[in-house]
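**Student:** Chains as they are written, first to last, in our numbering: chain H, -5 to 383; chain W, 611 to 1126.
Hints may contain errors.
[What the hints assert, rightly or not] The calculated lysine to aspartate or glutamate pairs, modelled on DMTMM-like cross-linking and capped at a C-alpha distance of 25 Å, are:
hint, chain 1, residue 1, chain 2, residue 2
1, W, Lys935, W, Glu1067
2, H, Lys207, W, Glu1013
3, H, Lys263, W, Glu1036
4, H, Lys263, W, Glu700
5, W, Lys923, H, Asp266
6, W, Lys836, W, Glu617
7, W, Lys770, W, Glu786
8, H, Lys271, W, Asp970
9, H, Lys377, W, Asp685
10, H, Lys271, W, Asp959
11, H, Lys377, W, Glu1013
12, H, Lys262, W, Glu1067
Rather than coming from a laboratory, the hints here were simulated on the basis of the structure.
Quick caveat, the model's predicted, so the values are computed rather than measured.
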Amino acid sequence: METLINLFRNNIRQYGMIIALVLITGLFWILTEGIIFNPLNLTNLILQNGFILVLAVGMVLVIITGNIDLSVGSVVAFVGAISGVLMINNNVPVVLAIILSLLVGALIGVWQGFWIAYIGIPSFIVTLAGMLIFRGLTLYLLDGQSLAPFPDSFGILSGGFLPDLFGSDGLHILTIILSGILSLVLIYMEFKNRKSQVQYNFEVIPLWITVTKLALLIYVINWFAYQLALNKGIPMVLVIVFVLIIIYTFIMNNTVMGRHIYATGGNKKAADLSGIKTKRVVFWVFVNNGVIAALAGLMFASRLDSATPAAGNMLELDAIAAVFIGGASMAGGVGTVIGAIVGGLVMGIMNNGMSLIGIGIDWQQAIKGMVLLLAVGFDVYNKNKAGNS
Amino acid sequence: MSDYILEMRNITKTFPGVKALDNVNLKVEKGKIHALVGENGAGKSTLMKVLSGVYPSGTYDGGIYFEENECHFKDINQSEDVGIVIIHQELALSPFLSIAENIFLGNERQSKQIMNWKETFSESKKLLDQVGLKDSPETAVMNIGVGKQQLVEIAKALSKNVKLLILDEPTAALNETDSENLLKLLNELKKQGITSILISHKLNEVSSISDSITILRDGQTVETIKTNEEKVSEDRIIKGMVGRELTSRFPQRVSEIGETIFEVKDWNVYHPAQRDRKVIDNVNMHIRRGEVVGIAGLMGAGRTELAMSIFGKAYGKKITGSLYKNGKEVTANTVSEAITNGIAYVSEDRKTYGLNLIDDIKRNITLANLKRISSNSIIDERKEITEAQFLREKLNIKTPTLEQVAGNLSGGNQQKIVLSKWIFTEPDILILDEPTRGIDVGAKFEIYSQINELAAEGMGVLVISSELPEVLGLSDRIYVMNEGRITGELDRGEADQESVMRYMAGAGGANNGNIN
Chain H
-5 METLINLFRN NIRQYGMIIA LVLITGLFWI LTEGIIFNPL NLTNLILQNG
45 FILVLAVGMV LVIITGNIDL SVGSVVAFVG AISGVLMINN NVPVVLAIIL
95 SLLVGALIGV WQGFWIAYIG IPSFIVTLAG MLIFRGLTLY LLDGQSLAPF
145 PDSFGILSGG FLPDLFGSDG LHILTIILSG ILSLVLIYME FKNRKSQVQY
195 NFEVIPLWIT VTKLALLIYV INWFAYQLAL NKGIPMVLVI VFVLIIIYTF
245 IMNNTVMGRH IYATGGNKKA ADLSGIKTKR VVFWVFVNNG VIAALAGLMF
295 ASRLDSATPA AGNMLELDAI AAVFIGGASM AGGVGTVIGA IVGGLVMGIM
345 NNGMSLIGIG IDWQQAIKGM VLLLAVGFDV YNKNKAGNS
Chain W
611 MSDYILEMRN ITKTFPGVKA LDNVNLKVEK GKIHALVGEN GAGKSTLMKV
661 LSGVYPSGTY DGGIYFEENE CHFKDINQSE DVGIVIIHQE LALSPFLSIA
711 ENIFLGNERQ SKQIMNWKET FSESKKLLDQ VGLKDSPETA VMNIGVGKQQ
761 LVEIAKALSK NVKLLILDEP TAALNETDSE NLLKLLNELK KQGITSILIS
811 HKLNEVSSIS DSITILRDGQ TVETIKTNEE KVSEDRIIKG MVGRELTSRF
861 PQRVSEIGET IFEVKDWNVY HPAQRDRKVI DNVNMHIRRG EVVGIAGLMG
911 AGRTELAMSI FGKAYGKKIT GSLYKNGKEV TANTVSEAIT NGIAYVSEDR
961 KTYGLNLIDD IKRNITLANL KRISSNSIID ERKEITEAQF LREKLNIKTP
1011 TLEQVAGNLS GGNQQKIVLS KWIFTEPDIL ILDEPTRGID VGAKFEIYSQ
1061 INELAAEGMG VLVISSELPE VLGLSDRIYV MNEGRITGEL DRGEADQESV
1111 MRYMAGAGGA NNGNIN
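Let the hints inform the model, and build the full structure from the sequences given.
**Tutor:** This is the structure we're talking about:
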């Protein structure tokens, strides 16, 4: 028991986040009398909030470097508008239009990254300016009107599902198989990790805790997959989010670039004197975030099946909130991709759950604000307590 | 009884897993200067935090008696109310505010929340006279040097009617003259009846100024020495601190000096902000294989500026001159180029320039040379652990695991991590800027041994230090700097305190270009 308490105390940040997620999920499970978990709604939840998760992945990198990006909501709208102009007004083929749109995102990142990294203007200012600039350009491009509809194939990006290769009726078999494979991979990685911890004499978590943790995780994944399989299977949005999680977790944990990002945020001066080109790091993180925001913009436009001037309004705040709920620090140097995703899920479940029980947009905003404040407040409180003892 | 202003009885303070203070007793006589010494981690700071209420009453065992009343401070305000003021090593001044505003910060001269500026300035003028600071109270604090800032802190303490003044490493960042002035001031305050507790690593100061010395080791009181009863030598104090006799403060070394591996020719550097100010003026120097070269000089002589400008032009503008390695000219226009060319620089300020304090030990160690533990930009964590483990053992970094966060370690251990980090880059020329600042005697000795070992392995080591005995004790050869120029070059045989000092004073006083 003592080890469990210690384990909890040392990882309170990570566990706190997951507990928050569980509590909020449980709350809405009760409030919606289980509707939130019915297969159709679960699919909807993912489709509605996929782009928040995508944006959170890009945003967490920016925040780890000690910066912020307020412009992503406007970039979502701007890229949506660009894609609309390309596909609807100019009949550019879908794939080419997607590539061009992502390129526009990269250019926006180059523009903002240049001012922030090389000229030294605080990111808050540059991206606040970007927020206005790109919203304005969106209005100009669309002439204040919505553009619709997109070609059908563009809809796959937000509304498509993985095809069922086995064509069974009722249950989506491929989904079940994939979640089975994922479970095996998780078991393998956990035990591989354990083995190397033993090998290097690191503190090893007692076996029964590892097993319990794995069992719970695998249960949740498979249950979740089963629910999806009862509906239409795995949505494309989930595939995109999953691929992003894998890629960016790997970059942040296992590559030199990831180290450089953490080091730049943790202590920029020390990183500079360690031969890290911190300006370049910040620049590329913004370019990356531009591309990610563009991807979210495409998903958003695809979901609405139109490019609208008001698209992505306030979305940057959802993404930023997700990252902070996920344990990142305003000062930089701290944060994880998984944390940002958990934070994004908290936001997503609240959005969905509150809509289900009929809470108006007014109170939704207020409640989300309170949750952000409490989540970060809890984190700060724990850090202070750890610092004093 | 009555001549003790403070008694701390049987203080025990435990942190999860560690007993930081174990039955510590401290009795401080009224109107005296009482020194508190001990290695880093011995519990000095913890004891002072208990005393000043940073650790509130109830979180420790034992009793505090101030002027014979038992005290239970809940926070720092309560201890200040009775007249106990602590001045921390890191000064707590607000740089953009004036001296006067800083003195009365949190204790403003006011009526009904409206500032009384007249009184603020006239009162602060009086306090400044008392501490011997001649600057106008309207000067912004960022425009005065560290030495004067220290005096402002003391003036601030005096404004609170201090009875017991606690100074934590007050002279650590000061040059010789400022240190002397500060110690003189403490003696002045003593005459006015103010008691002081002085925490210091500089044992010569301690033995010259204090009336009693309490030595702490591993959270316990070792002894209290009264300096009027016995003559106290530095060795005597060190013996108490480390619990054994240190035969020498510097490890023995037979230097095997080879050919020249690094040369700096006609090096000139200008100040980054004031473009016409020359900070380094035509410096020529060389280092040979296996040689430890010292650079002595007063604060502001340009030692750090020289080192950092060599290290990938990390400091300065309009840098001219050339660098030669093994006789061939090399360029080092960026830090990473310098590292590639085998130059390493251990900064004087490990917290600002050396470490990522929120990251763990192994990641700090490998940061400057991630190439060595990665292929195709993917990090091999096993290799990282093995390499970091090797250096942890080599440098005797005392931590339970490599995953400890750097910010939680003692100064000595942090310094060893920074040193490991640069050893990990496999340099040929290692520049160490104040390698033992703010660390304890034991860790100092270990770092000295490391320096010797690295030189023996064939590295050229350049040591910048403000502690003359250190420069003299370590170096095979010494360059002395003054106002950006090299004013003297002395071999081990011909160098002594006096000769070095003479070159240091050079063309006169120096007060420019210290970078922060």
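**Student:** With the threshold set at 25 Å, check whether the alpha-carbon distance from Lys770 of chain W to Glu786 of chain W stays at or below it.
**Tutor:** 28 Å, violated
**Student:** Does Glu617 of chain W sit within 25 Å of Lys836 of chain W, going by the straight-line distance between their CA atoms?
**Tutor:** 16 Å, holds
**Student:** Between the alpha carbons of Lys923 of chain W and Asp266 of chain H, is the straight-line distance 25 Å or under?
**Tutor:** Given that 25 Å is the threshold and the Cα spacing comes to 11 Å, the pair holds.
**Student:** Do the alpha carbons of Lys935 of chain W and Glu1067 of chain W lie within 25 Å of each other, as the hint requires?
**Tutor:** Roughly 17 Å between the alpha carbons, so the hint for Lys935 of chain W and Glu1067 of chain W holds.
**Student:** Next pair to validate is Lys377 of chain H with Asp685 of chain W; report whether the Cα-Cα distance is within 25 Å.
**Tutor:** Between Lys377 of chain H and Asp685 of chain W the Cα gap is close to 19 Å, so the pair holds against 25 Å.
**Student:** Compare the distance between the alpha carbons of Lys207 of chain H and Glu1013 of chain W with 25 Å, and conclude whether the hinted pair is satisfied.
**Tutor:** The hint holds at about 22 Å.
**Student:** Verify the proposed pairing of Lys263 of chain H with Glu1036 of chain W, using a straight-line Cα cut of 25 Å.
**Tutor:** 22 Å, holds
**Student:** Take a quick look at whether Lys377 of chain H and Glu1013 of chain W sit within 25 Å of each other, Cα to Cα.
**Tutor:** The given pair, whose Cα atoms are some 18 Å apart, holds under the 25 Å limit.
**Student:** Holds or violated: Lys271 of chain H with Asp959 of chain W, Cα cutoff 25 Å?
**Tutor:** 20 Å, holds
**Student:** Hinted pair, alpha-carbon criterion (25 Å max): Lys263 of chain H, Glu700 of chain W. Please report holds or violated.
**Tutor:** 19 Å, holds
**Student:** Run the distance test for Lys271 of chain H versus Asp970 of chain W: straight-line Cα separation, threshold 25 Å.
**Tutor:** Roughly 21 Å between the alpha carbons, so the hint for Lys271 of chain H and Asp970 of chain W holds.
**Student:** For Lys262 of chain H and Glu1067 of chain W, compute the direct alpha-carbon distance and say whether it is at most 25 Å.
**Tutor:** Between Lys262 of chain H and Glu1067 of chain W the Cα gap is close to 32 Å, so the pair fails against 25 Å, i.e. violated.
Hint compliance for this structure: hints 7 and 12 are broken, all remaining hints hold.
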